[in-house]
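Sequences listed follow chains W and D, in order.
According to my numbering, the stretch in the first sequence is residues 5 to 178, in order.
According to my numbering, the stretch in the second sequence is residues 177 to 675, in order.
Hints listed in this document are in silico derivations from the structure and should not be mistaken for laboratory results.
For every residue, glycine included, the Cβ atom is placed at its ideal position computed from N, Cα and C.
Some clues are possibly wrong.
Claimed, not checked - Pairs of lysine-lysine residues, derived as DSSO-like cross-links and limited to a Cα-Cα distance of at most 27 Å, are as follows:
{"id": "1", "chain 1": "D", "residue 1": "K356", "chain 2": "D", "residue 2": "K377"}
{"id": "2", "chain 1": "D", "residue 1": "K533", "chain 2": "D", "residue 2": "K377"}
{"id": "3", "chain 1": "D", "residue 1": "K512", "chain 2": "W", "residue 2": "K20"}
{"id": "4", "chain 1": "D", "residue 1": "K603", "chain 2": "D", "residue 2": "K377"}
{"id": "5", "chain 1": "D", "residue 1": "K448", "chain 2": "D", "residue 2": "K460"}
{"id": "6", "chain 1": "D", "residue 1": "K476", "chain 2": "W", "residue 2": "K111"}
{"id": "7", "chain 1": "W", "residue 1": "K91", "chain 2": "D", "residue 2": "K368"}
{"id": "8", "chain 1": "W", "residue 1": "K111", "chain 2": "D", "residue 2": "K533"}
{"id": "9", "chain 1": "D", "residue 1": "K202", "chain 2": "D", "residue 2": "K258"}
{"id": "10", "chain 1": "D", "residue 1": "K368", "chain 2": "D", "residue 2": "K482"}
{"id": "11", "chain 1": "D", "residue 1": "K654", "chain 2": "D", "residue 2": "K533"}
{"id": "12", "chain 1": "D", "residue 1": "K187", "chain 2": "D", "residue 2": "K203"}
{"id": "13", "chain 1": "D", "residue 1": "K652", "chain 2": "W", "residue 2": "K140"}
{"id": "14", "chain 1": "D", "residue 1": "K638", "chain 2": "W", "residue 2": "K171"}
{"id": "15", "chain 1": "D", "residue 1": "K633", "chain 2": "W", "residue 2": "K111"}
{"id": "16", "chain 1": "W", "residue 1": "K99", "chain 2": "D", "residue 2": "K603"}
Stated by the list, open to error - Pairwise CB distance ranges, derived in the manner of DEER restraints:
{"id": "17", "chain 1": "D", "residue 1": "S647", "chain 2": "W", "residue 2": "L80", "range": "26 to 32 Å"}
{"id": "18", "chain 1": "D", "residue 1": "G551", "chain 2": "W", "residue 2": "L46", "range": "35 to 41 Å"}
{"id": "19", "chain 1": "D", "residue 1": "F548", "chain 2": "W", "residue 2": "I63", "range": "30 to 36 Å"}
{"id": "20", "chain 1": "W", "residue 1": "L80", "chain 2": "D", "residue 2": "H589", "range": "34 to 40 Å"}
{"id": "21", "chain 1": "W", "residue 1": "T25", "chain 2": "D", "residue 2": "F548", "range": "36 to 42 Å"}
{"id": "22", "chain 1": "W", "residue 1": "Y86", "chain 2": "D", "residue 2": "F562", "range": "26 to 32 Å"}
{"id": "23", "chain 1": "D", "residue 1": "T596", "chain 2": "W", "residue 2": "L80", "range": "44 to 50 Å"}
{"id": "24", "chain 1": "W", "residue 1": "D17", "chain 2": "D", "residue 2": "H589", "range": "51 to 57 Å"}
{"id": "25", "chain 1": "D", "residue 1": "K268", "chain 2": "W", "residue 2": "E162", "range": "37 to 43 Å"}
{"id": "26", "chain 1": "W", "residue 1": "E162", "chain 2": "D", "residue 2": "N527", "range": "58 to 64 Å"}
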Amino acid sequence: MQEFSNAQIASADLPKIEDLTFTRLNRKLLTQILIFRIILSLGFAGFLVIFTLKNLERIPQIIWASSIGGAIIILLFMLVGYFGFFKKGFALREKDISYQRGLIFHKITTVPLSRIQHSELVRGPMDRMFGLSSVKIYTAGGSSSDVTIPGLTVEIAENIREYINSKIEKDADS
Amino acid sequence: MQIADLSTPRKLAPLGLIIIFLQGLKKWGQVLIYGLIPFFQGKNEHLEFWMFGVFAAVVLAFGAVWSYLSWKNYFFHIKADKFVIKQGVLRKEESLIPLERIQTVHIKRNIVQQILGLAALQLDTAGSAKKEAEIPALKYEYATALKTHLLALKADEYVGEQTEGNQDTIAKTTSVEEEKILMKLGFLDILKVGLTENHFKSSLIILGIFFGYTTQFSEIFGYEEESVFKQVFTFLAVIIPLFVLVFFLISIAFSVWAVFMLYFDLTVSLKKSGLSVSSGLLKKEENFIPVNKIQYIKWKSNPLRKLIGFKSLAIYQAASAEVSRKKTVRVPGCKKHQQETVQNAFYPEYNTAVNQKEIKPDNFWLVRLFLFFVGIPLLLTCIAFFTGEILVASALCALAVTAVFFVYKYVQHFKAQLSTDLLVINKGFVFPEQVLLKTFKVQNVAVNQSVFQKQRKLVSIKVYTASGNLSIPYIKEKDGFELANKLLYAVESSNKEWM
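Can you build the whole structure from these sequences, using the hints too?
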């Protein structure tokens, strides 16, 4: 047996994920999210207008219902998008990476670096327009547990990936 | 039996031709059935029955030639630490499986293979969703010999790679090791298991098969679907009580039949390196589960099983979500002492873990579940009551009241306990289950908190493993973060192989 120690650690001394300071994502992502949501809202509004016009003769009151209802839904949608951005963030520790998001349903996912299968740099068309990049982290925990950190500048994204890869390789060597 | 030189390509057993033909027969049979459709629909008057005979003969002849060519073109051998399978008639395929990637080797025998003295050998590779390699027909003795040979080769690879591995891997490489038979399920025990199955499940399956076939037949033979269902349902309405009784009996018979098919001659043996499970009446399956591949195990029970002191064991192995169902090995009918043996062998930490603090869900979870399982039936009760359907209303009300009881009991029975090495989760009232998960097998951890939970300082924890995820809902924020931190610490400070 090699050098081995198994000292008990009081739970108060363990590193705490609740004390992590999360790095906020790039501000450009906020613009991107809002533009994306505006486009979706326009699509929704267009659908609502057509639906209203079609049923206007049968049910005249529908015009009020759909305009007020539609406005509230779109407003909430935009607000959640806006404030939700400030809840997103990532934190890198020596041995794991955490990502948090969600305004109404908040979620912190922490992936130990030793459990990462591989990582990817993803750049969609909108990302390229904004000069942003996402890091996608795959684990063996199934697709529901894969973590994607969006809204990173290409440089930071590459740095994160490099860091992860160096840790994975070191793990494989030892 | 001696393994002949595997460096040159080898063929399947000659009798394997029959197996390949029969396997293909499913495909050819489908072609035949579709060929039948125009004859039965009678839309085309020029069709006569002898034409179908010719058609069938052509299809079968083609099938026979195709099977022969597939058999002739099937080769396997070992080349430079890789297992090579070459196959294909028109589209040639060559699969290379690095020996060290082979996780387990299964021997499978269906009834035809048993009669012909043949077996299929399945090579299981690590976690990928890609279909595992299967050699369909080898002489049984040869298959078993090849299995041991492959596992031994794999072990050699292991030794070559890491001369100074930790103790676990060294124990794994000793090819001859003592084997202890943990349990053999006798006839009476299987009967007991069959009788105490979850019969609701069986009846659902029967219903599914029944409706599946009626729709299929009506499609093929051009029946009007609706009229068939109408007839069936009027028929049912007349003799419903009798039908329920018969249906229940059929369900029980079906459960017993299914259990016999799956678990006949079930033998579980324990080795230091893993667990070997073999069973099956018509289709004999042998599984070997290396300790490393076990992600977590689950003990399950139901009221009937509790009565006779049986528990079922489900072993979850590492696999991508797509194939995880296949990778779960089930052992029904474990008795108390067998449960203890398994626990002592693979989970020696169990006793420490169950002495830890019990983490229980907050009553707010109960409120949320009530809202759904009691609130909705009550709402429907009101609607039914005001529309004058008193009978429906009282039935729904009764449902709501029973839901109160079961939901309350369900929440009360939930508890999680964590020691440094082991996470134990208990849940379920009618169908209790207990999950044992070694902490270093965890893949990642998520802490969820909705705005409603935030007000009450509660969180839900989700633990992801390589074989599905486990949740611990609505626990105190402090407990939740402590649990997550401890799990992460356990994972990050461990250098044991999780697979």
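Hint by hint, here is what the structure shows:
Our distance criterion of 27 Å between C-alpha atoms is broken by K356 (chain D) and K377 (chain D), whose separation comes to about 34 Å. For the given pair, K533 (chain D) sits about 35 Å from K377 (chain D) by alpha-carbon distance, which is inconsistent with the 27 Å threshold. For a cut-off of 27 Å, the pair hint linking K512 (chain D) to K20 (chain W) is broken: about 39 Å separates their Cα positions. Between K603 (chain D) and K377 (chain D) the alpha-carbon distance is near 20 Å, which keeps this suggested pair within the 27 Å criterion.
With a CA separation close to 24 Å, the supplied pair K448 (chain D) and K460 (chain D) stays within the 27 Å bound. The straight-line distance between the Cα atoms of K476 (chain D) and K111 (chain W) is roughly 30 Å, outside the 27 Å bound, and the hint therefore fails. This hinted pair does not check out: K91 (chain W) and K368 (chain D) have alpha carbons roughly 55 Å apart, beyond 27 Å. Among the hinted pairs, K111 (chain W) with K533 (chain D) is consistent with the structure: their alpha-carbon atoms are about 25 Å apart, no more than 27 Å.
A threshold of 27 Å between alpha carbons decides the hint, and for K202 (chain D) with K258 (chain D) the separation of about 32 Å lies outside it, so the pair is violated. A hinted pair counts as satisfied when its Cα atoms are at most 27 Å apart, and K368 (chain D) with K482 (chain D) qualifies at roughly 12 Å. Taken as a hint, the K654 (chain D) and K533 (chain D) pair is honoured in the structure, with Cα atoms around 13 Å apart against an allowance of 27 Å. For the given pair, K187 (chain D) sits about 23 Å from K203 (chain D) by alpha-carbon distance, which is consistent with the 27 Å threshold.
Of the supplied pair hints, the one linking K652 (chain D) and K140 (chain W) is violated, its CA atoms being roughly 31 Å apart against a limit of 27 Å. A threshold of 27 Å between alpha carbons decides the hint, and for K638 (chain D) with K171 (chain W) the separation of about 25 Å falls inside it, so the pair holds. Between the alpha carbons of K633 (chain D) and K111 (chain W) the distance comes to roughly 14 Å, so the proposed pair stays at or under 27 Å and holds. Distance restraint check for K99 (chain W) and K603 (chain D): the Cα-Cα separation of roughly 32 Å exceeds the 27 Å cut-off, and the hinted pair is therefore not satisfied.
With their beta carbons about 28 Å apart, S647 (chain D) and L80 (chain W) fall inside the hinted range of 26 to 32 Å. Our hint of 35 to 41 Å for G551 (chain D) and L46 (chain W) holds, since their Cβ atoms are close to 37 Å apart. Remark: the range hint 30 to 36 Å for F548 (chain D) to I63 (chain W) is upheld by a beta-carbon distance near 32 Å. At about 38 Å, the CB distance of L80 (chain W) to H589 (chain D) agrees with the hint of 34 to 40 Å.
At roughly 37 Å, the beta-carbon separation of T25 (chain W) and F548 (chain D) lies within the given 36 to 42 Å, and the hint holds. Evaluation of the 26 to 32 Å hint for Y86 (chain W) and F562 (chain D) yields a failure: the beta carbon distance comes to about 43 Å. For T596 (chain D) and L80 (chain W), the hinted distance range of 44 to 50 Å is satisfied, since their beta carbons lie about 45 Å from each other. For D17 (chain W) and H589 (chain D), the hinted distance range of 51 to 57 Å is not satisfied, since their beta carbons lie about 33 Å from each other.
For the pair K268 (chain D) and E162 (chain W), the beta carbons lie near 41 Å from each other, so the given range of 37 to 43 Å is met. For E162 (chain W) paired with N527 (chain D), a C-beta distance near 49 Å fails the hint of 58 to 64 Å.
When the structure is compared with the earlier hints, violations turn up for hints 1, 2, 3, 6, 7, 9, 13, 16, 22, 24 and 26 and for no others.
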